[in-house]
Amino acid sequence: MSLLKTIETGLRSLLGHRLRSVLTTLGILFGVAAVIATVGIGQASSDSVTARITSLGTNLLTISPGSTVSAGVFGGAGSANTLSMEDVQGLQDRQSAPDIAAVAPVSQGRASIVSASANWSTTVSGSTDGWLITNTRTIGSGTFLNANDVATRAQVIVLGSTTAANLGAGVGDIVMVKQIPFQVIGVLAPTGSQGFGNQDDLGVVPITTAQDELFGGGGSVQRILLSATSSGTIGSAYLEADQILLQTHHVSDPSQADFTITTQTQVLSTAQAVTQTLTILLASVAAISLLVGGIGVMNIMLVSVTERTSEIGLRKALGATPVDLFRQFVIEAGMLTALGGLLGVATGLAVGYIVPRAANIAVTITAPPVIVAVGVAVAVGLIFGVYPALRAARLAPIEALRAQ
Amino acid sequence: MPSMDGLIQLESVNKVYGAGDGAVAALRDFSLTVAAGESLAVMGPSGSGKSTLMNILGCLDTPTSGSYWFAGQDVSRLNETELAHVRNRRIGFVFQQFQLLPKLSAWRNVELPLLYRNVRDRRSLALQALEQVGLSNRVDHRPSQLSGGQQQRVAIARALVTDPDLILADEPTGNLDTASSRDVLAVLHELNEQGRTIVIITHDPEVAPVAQRTVHMRDGRLVEQVAA
Numbered sequence: 001m002s003l004l005k006t007i008e009t010g011l012r013s014l015l016g017h018r019l020r021s022v023l024t025t026l027g028i029l030f031g032v033a034a035v036i037a038t039v040g041i042g043q044a045s046s047d048s049v050t051a052r053i054t055s056l057g058t059n060l061l062t063i064s065p066g067s068t069v070s071a072g073v074f075g076g077a078g079s080a081n082t083l084s085m086e087d088v089q090g091l092q093d094r095q096s097a098p099d100i101a102a103v104a105p106v107s108q109g110r111a112s113i114v115s116a117s118a119n120w121s122t123t124v125s126g127s128t129d130g131w132l133i134t135n136t137r138t139i140g141s142g143t144f145l146n147a148n149d150v151a152t153r154a155q156v157i158v159l160g161s162t163t164a165a166n167l168g169a170g171v172g173d174i175v176m177v178k179q180i181p182f183q184v185i186g187v188l189a190p191t192g193s194q195g196f197g198n199q200d201d202l203g204v205v206p207i208t209t210a211q212d213e214l215f216g217g218g219g220s221v222q223r224i225l226l227s228a229t230s231s232g233t234i235g236s237a238y239l240e241a242d243q244i245l246l247q248t249h250h251v252s253d254p255s256q257a258d259f260t261i262t263t264q265t266q267v268l269s270t271a272q273a274v275t276q277t278l279t280i281l282l283a284s285v286a287a288i289s290l291l292v293g294g295i296g297v298m299n300i301m302l303v304s305v306t307e308r309t310s311e312i313g314l315r316k317a318l319g320a321t322p323v324d325l326f327r328q329f330v331i332e333a334g335m336l337t338a339l340g341g342l343l344g345v346a347t348g349l350a351v352g353y354i355v356p357r358a359a360n361i362a363v364t365i366t367a368p369p370v371i372v373a374v375g376v377a378v379a380v381g382l383i384f385g386v387y388p389a390l391r392a393a394r395l396a397p398i399e400a401l402r403a404q
Numbered sequence: 001m002p003s004m005d006g007l008i009q010l011e012s013v014n015k016v017y018g019a020g021d022g023a024v025a026a027l028r029d030f031s032l033t034v035a036a037g038e039s040l041a042v043m044g045p046s047g048s049g050k051s052t053l054m055n056i057l058g059c060l061d062t063p064t065s066g067s068y069w070f071a072g073q074d075v076s077r078l079n080e081t082e083l084a085h086v087r088n089r090r091i092g093f094v095f096q097q098f099q100l101l102p103k104l105s106a107w108r109n110v111e112l113p114l115l116y117r118n119v120r121d122r123r124s125l126a127l128q129a130l131e132q133v134g135l136s137n138r139v140d141h142r143p144s145q146l147s148g149g150q151q152q153r154v155a156i157a158r159a160l161v162t163d164p165d166l167i168l169a170d171e172p173t174g175n176l177d178t179a180s181s182r183d184v185l186a187v188l189h190e191l192n193e194q195g196r197t198i199v200i201i202t203h204d205p206e207v208a209p210v211a212q213r214t215v216h217m218r219d220g221r222l223v224e225q226v227a228a
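Taken in sequence, the protein lines are chains C and P. Heads up: the first sequence runs through residues 1 to 404, numbered per my numbering. Heads up: the second sequence runs through residues 1 to 228, numbered per my numbering.
These aren't lab readings, by the way, just hints derived from the structure by calculation. Just so you know, even glycine gets a beta-carbon here, dropped at the ideal spot from N, CA and C. Be careful, since some hints might not be right.
To give a feel for the contact side, a few chain P residues facing chain C, derived at Cβ under 7 Å [unchecked claim]:
{"no.": "1", "residue": "Leu60"}
{"no.": "2", "residue": "Asp61"}
{"no.": "3", "residue": "Thr81"}
{"no.": "4", "residue": "Ala84"}
{"no.": "5", "residue": "Asn88"}
{"no.": "6", "residue": "Phe93"}
{"no.": "7", "residue": "Gln99"}
{"no.": "8", "residue": "Tyr116"}
{"no.": "9", "residue": "Asn118"}
Pulled from the structure, derived: some chain C residues nowhere near chain P, Cβ distances all over 10 Å [as the list claims (entries may be wrong)]:
{"no.": "10", "residue": "Thr152"}
{"no.": "11", "residue": "Arg153"}
{"no.": "12", "residue": "Asn360"}
All chains should be built: construct the whole structure from the sequences, respecting the hints.
Laid out in structure tokens, this is it:
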């Protein structure tokens, strides 16, 4: 029988059992849709993490304090207060650190900012003039903090664009942070980021002012941001920073260092590895449901072969060869899963359209997972169709004809 | 040795089902020759081996021993695929239960054997065959919309459509009332008049007079031959 005719025959038989065919394809449908949606969500979160991290610049190095050890219990990285303004001054030394372009200590916390017309709770960072370079930001209007502001503990603040808009405050206005008046001296240019970790919603004040007036903590610094002179000098900047801090902290054994230096590329590859692992995990769960769908298809094809025993016998009597019958049942199974696969793609695309709008979760659907999922679905049908099709092909014509 | 005058030549055919103590011989040393253009009725009670004979004549099964020459070819040792080709090209079947596919219209049912030999013009061949059995006005009806007699005539058209050397009818009137039986037998008789070889397996004595020759079977052997 010609392939086209075989497909037509298969279609007729599937249409003859509409409800059963649709129910059988459901397993494949959800499997394919789940693969597409989960890979899409994984892809989107990976993209967004990557974008967020690279937007900070690949020249960035971050120094965090080491962990505390109290009564033999490690307190986790960053739990100690081992960084200080002396470290910042050491790192700013052009002689011993020629590859470090900018240094910015950060000491931050959440605070409520009150303007003449509104109040808004946001992240307030104490830092220095190096903050702008290390965070690769630019000022939109007004000016940023300068060394003098830091030295004089000036009560000045630079706002993110979202914060400024929400407060209804502009350059020159006075806002209250923890009941202390600050003058707005600048507003940052927007980055366009949104949602959780919005980089346009923040305030920056001189670190000296933050330490003394807002968060306390004496001279301690939560972390220090460093900018290498270029992406090619990150390695040497790393070594210089390491050397300087070991010296200022009086640590002779580098394995005992009470600080950690991380580069953006490290952070990026870690974050990507994490999202990739999660995506693979989710996609495997989805792939298992595809497999289960395939077993459902095999089940139904076996039922179909049993039900149509006398039809198979008749076709054999009329001259269908074992190969003809094998092909017919394999193609029927393949068509079931192909149909499920296509409906699954439609469902997956629908999920990709609805979820970002309904739940604020980004979904990036790319061609490869769609193609792979449909390919796998069809392959699942063909593979799981083999056994039932062999049963049909091997039926003895007289036995089959006798079945009624 | 085969002679060329017999379309069908069974020589010392044995068919045994099962093995050991449970073995049942359905055909014992059975020999039969049917000439081209002949019509033959095979009669006998249940269990006489009629169905086994039908299966072997129709190339649906192979003999345990002995030889079967069909149209000059020894078909007793062919494999399943080769047998399928012989059935498709040379034999038309008519069954007691009609064996029409319920979801297909009359002409689609008649078309079926042609699907397995990649013929073009299937529809016009199917319509021709339906015209020969007097069902030109029922081509698009489904089996459920046809009477028993009409369904059996569709089945005869399906047997005819490949222009076979042999039409093999297994109890063709077994499920029909008297009037329909007469209709169906008339069609078969007319086909024989046109030169087709027909073998009818039956236990209905009404059928026998239609055939040129009747043979009787008992316990897997021929018991007598009657020339009409």
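Structure-based check of each hint:
no. : hint   : result
1   : Leu60  : holds, 5 Å
2   : Asp61  : holds, 6 Å
3   : Thr81  : holds, 5 Å
4   : Ala84  : holds, 4 Å
5   : Asn88  : holds, 2 Å
6   : Phe93  : holds, 5 Å
7   : Gln99  : holds, 5 Å
8   : Tyr116 : holds, 4 Å
9   : Asn118 : holds, 6 Å
10  : Thr152 : holds, 92 Å
11  : Arg153 : holds, 90 Å
12  : Asn360 : holds, 50 Å
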